[in-house]
Each structure stands twice: as C-alpha cells, then as structure tokens.
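Peer 1: Sequence:
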Amino acid sequence: MANPLERRRNLLDEQSYKSNFDFEEFNIADKDKSDLLSLEEKIKSSQMTFVKSTLEIGNILSQAQEKLKNYGTGSFMKWYENLGFNKDNVSYFLKRFELSLVYPEKREYIAEMPVRLVKELTKKDIEPQLVVEAIKEEVRTTKEFNEIKINYSHG
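Here the sequence shown is numbered in the working numbering, starting from 232 and rising by one per residue.
Certain hints may be false.
Okay, the calculated beta carbon distance ranges per label pair [said to hold, decoys possible]:
id, residue 1, residue 2, range
1, Leu267, Thr304, 17 to 25 Å
2, Ser284, Pro359, 41 to 49 Å
3, Thr373, Ser265, 33 to 41 Å
4, Tyr302, Lys350, 36 to 44 Å
5, Val363, Ser265, 41 to 49 Å
6, Ser265, Pro359, 46 to 54 Å
7, Glu256, Glu297, 32 to 40 Å
8, Ser269, Thr304, 44 to 52 Å
9, Asp266, Glu297, 43 to 51 Å
10, Asn301, Pro335, 47 to 55 Å
11, Lys283, Lys309, 22 to 30 Å
12, Phe281, Lys374, 19 to 27 Å
Once the Cα atoms are required to be at most 35 Å apart in a straight line, the calculated DSBU-like pairs of lysine-lysine come out as [unchecked claim]:
id, residue 1, residue 2
13, Lys273, Lys355
14, Lys283, Lys380
15, Lys354, Lys275
16, Lys275, Lys318
17, Lys350, Lys283
Please keep in mind that the hints were generated in silico from the structure rather than gathered at the bench. Since the structure is predicted, the reported quantities are computational estimates derived from the model, not experimental observations. Think of the CB as a built atom: it goes at the ideal place given N, C-alpha and C, for glycine as much as any other residue.
Generate coordinates for the entire structure from the input sequences, incorporating the hints supplied.
Peer 2: As structure tokens, then:
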C-alpha cells in the first residue's frame, strides 16, 4: 500500500495538465514550447475558475432571489441590475445552476454548456427524458441536441 506522500504525488500527477497540441508539426522551438505549455496551463486554470464561478454566481443569485421574493415585485430585478446584470444574464446563471442541482455528477459539463443549449434544455415544454439523454451524452452543440430530439421522437 502506498504511503500518504506517494498517494498525494500520484493524485497531483493525475491532475496535472497535458497538452494535446502537436508542437513538432510546426517545429516549435523548445523555449517557445515551454512558454506555450505554461500559457496553456494558465488558460486551463482560468477555465476551471470560470466554471466554478458560473455555478457559484447562479447559487448566489438563487439565494438573493429567495430572500427578495417577499419584498415586492421587481425587487430582485432592481437588485441584480444594480450589480450590472440584465434579465438574460440572470436567467442564464439561474438555469445553469438549477441544472447542476438536478445533475450534480455533471456539474463541470453543465457549467461549460453553451448558452443556447441551456435555453433548450430548460424550456418549459421539453420532455424530461430528452434532458436526461442530452446531459448523459454531454451534448455540446445545438446540432447534436437536434439529432437526439429526432431520435427521441422516433423512439
């Protein structure tokens, strides 16, 4: 059995970033390759921060909406507009957050999901099984979603 230090080292290895870019194809010099790998790692780190932030903002907005529901029509809207958000922004964050609550095992995928897909999957008249299928398959484009809709309707 591995000691704690070795287990931690293995975990860090699993989490470390590995580029898929073919630097050799473009004869990129070692120094530039090293710099580009560092930039890729920074981008990936920022993407993960963005993913977490997207869901956290949705969570915060949900909490504020709940608190403000007893203070009159329009109080929540005035509150979020004060922060620079508009109705579309808030809807995007709230719907994404709600999906992440229903499908917690797919949080990262949901956080990165295109806005158009979030809108499609949260329409009031959508079949729940269609949402389940799209999230299970981790659909990334409207085209892929439309293919699942066609397959579902011919089910």
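Peer 1: Which of the numbered hints are not met once you compare them with the structure shown?
Peer 2: Hints 1, 2, 4, 7, 10, 13 contradicted; others consistent.
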